[in-house]
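Colleague: Sequence:
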Amino acid sequence: MPVIEKSIEVNVPAQVAYDQWTQFEDFPLFMEGIIAVNQLDDTHVHWTAEIVGQRKEWDAEITEQIPGKRIAWHSISGARNAGVVTFHHLDDSSSRIMLQMDYDPEGLLENAADAIGVLTHRVAGDLERFKGFIESRGN
3 MPVIEKSIEV NVPAQVAYDQ WTQFEDFPLF MEGIIAVNQL DDTHVHWTAE
53 IVGQRKEWDA EITEQIPGKR IAWHSISGAR NAGVVTFHHL DDSSSRIMLQ
103 MDYDPEGLLE NAADAIGVLT HRVAGDLERF KGFIESRGN
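Okay, so the sequence shown: first residue is 3 according to my numbering, each after it adds one.
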């Protein structure tokens with residue numbers, strides 16, 4: 003499985019960034035290709051996305067959640083992926099978000115897109131959009 007590792011500094015406290023990140027249903031507001039995210043219960047989330055022009059759906063299970071610090075997941079159906087996002091305190095008004103994600107491209111199109119780094123660029127863009135989104139909301 004390919005791995006993506008990206009990080010970004012945001013001008014909000016780690017707890018504020020974490021609190022927004024765990025509002026999964028807001029993901030389509032800043033994540034490219036994400037059509038909908040529905041939180042089914044405390045540990046299960048259903049995703050609908052468009053990946054290289056194809057609609058994909060999957061269910062994910064949150065496997066670890068440390069409030070203000072860390073959230074980890076893995077898919078339990080559909081598109082295979084897993085990862086962890088950590089939130090690091092830098093000072094009273096800024097933090098670093100670090101994302102590590104494993105995914106399994108399916109088929110010729112997804113493998114070709116992976117070979118040229120499409121998903122890696124998308125994740126970097128998603129983090130930049132999250133930065134703009136969270137900073138525009140204030141603390």
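Among the hints, erroneous ones may be present.
[Stated by the list, open to error] No farther apart than 25 Å at their CA atoms in a straight line, the calculated lysine-lysine pairs in the PhoX-like style are these: (1) Lys71 to Lys133; (2) Lys8 to Lys71; (3) Lys133 to Lys8; (4) Lys8 to Lys58.
No lab work stands behind these hints: they were computed from the structure.
Colleague: Evaluate each hint against the coordinates.
Modeller: Against the structure, the hints come out as follows:
1. Lys71 to Lys133: holds (17 Å)
2. Lys8 to Lys71: Cα-Cα ~16 Å, so holds.
3. Lys133 to Lys8: The given pair, whose Cα atoms are some 13 Å apart, holds under the 25 Å limit.
4. Lys8 to Lys58: holds (23 Å)
When held up to the earlier numbered hints, the structure conflicts with none and fits them all.
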